[in-house]
Amino acid sequence: MQIRKTRYDHPDAVLLTAQVQQEYVERYGGPDDTPLDVAHFDAPCGCFLLGYLDGAPVATGGWRAQDASPEGFEDGDAELKRMYVVPQARGRGLARRMLAELERDAAAAGRTRMVLETGTMQPEAIALYTSCGYTPVVKFGHYKDSPLSVCLGKSLLGVGPAAAGQALPA
1 MQIRKTRYDH
11 PDAVLLTAQV
21 QQEYVERYGG
31 PDDTPLDVAH
41 FDAPCGCFLL
51 GYLDGAPVAT
61 GGWRAQDASP
71 EGFEDGDAEL
81 KRMYVVPQAR
91 GRGLARRMLA
101 ELERDAAAAG
111 RTRMVLETGT
121 MQPEAIALYT
131 SCGYTPVVKF
141 GHYKDSPLSV
151 CLGKSLLGVG
161 PAAAGQALPA
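Note that our numbering gives residue 8 to position 8 of the sequence shown, counting from 1, and the numbers run on in steps of one.
Derived from the structure by calculation, the hints contain no laboratory data.
Treat the hints with care, as some may be off.
[As the list claims (entries may be wrong)] In silico EDC-like pairs for lysine to aspartate or glutamate, Cα to Cα no more than 20 Å straight-line:
| id | residue 1 | residue 2 |
| --- | --- | --- |
| 1 | LYS5 | ASP42 |
| 2 | LYS5 | GLU74 |
| 3 | LYS144 | ASP33 |
| 4 | LYS139 | GLU74 |
| 5 | LYS139 | ASP33 |
With the sequences and hints as input, model every part of the structure.
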């Protein structure tokens, strides 16, 4: 998979974001209503990545900077958003590679912890994150009061530098 930094409003990002939103509708009965803005993913306060196989977009993921707030974030947080792999490309380790690149990028930007919110109806996502070292954290964000919400986090201290925008080998 080739991973490229892009903007959240890139046509391929918009396409895959619509697909992940449809998956939320199927699993939860509605889309993710978390407020997001294109600028949230602009450097140095964020990053959005697209993964390509044979020229086709197959994966997305981004992080946005967060600091201590009433929503439950801590200083130095990078909030993971819109992690998604198209169904036909799942089971190949692409999400794990995307996550590792996002962690490296956030660490290089000075973020000290990656946090994420997922849901109980996404057991495969929970399994991925826990297998990558994520552990439960105090609930935060738009869905912090939902019984279906699961919040996880991982220290970014000691995470290696990002690949400096280079495409990762397939």
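Tested hints:
no. : hint           : result
1   : LYS5 x ASP42   : holds (10 Å)
2   : LYS5 x GLU74   : violated (26 Å)
3   : LYS144 x ASP33 : holds (13 Å)
4   : LYS139 x GLU74 : holds (11 Å)
5   : LYS139 x ASP33 : holds (17 Å)
Of the numbered hints stated above, the single one contradicted by the structure is hint 2.
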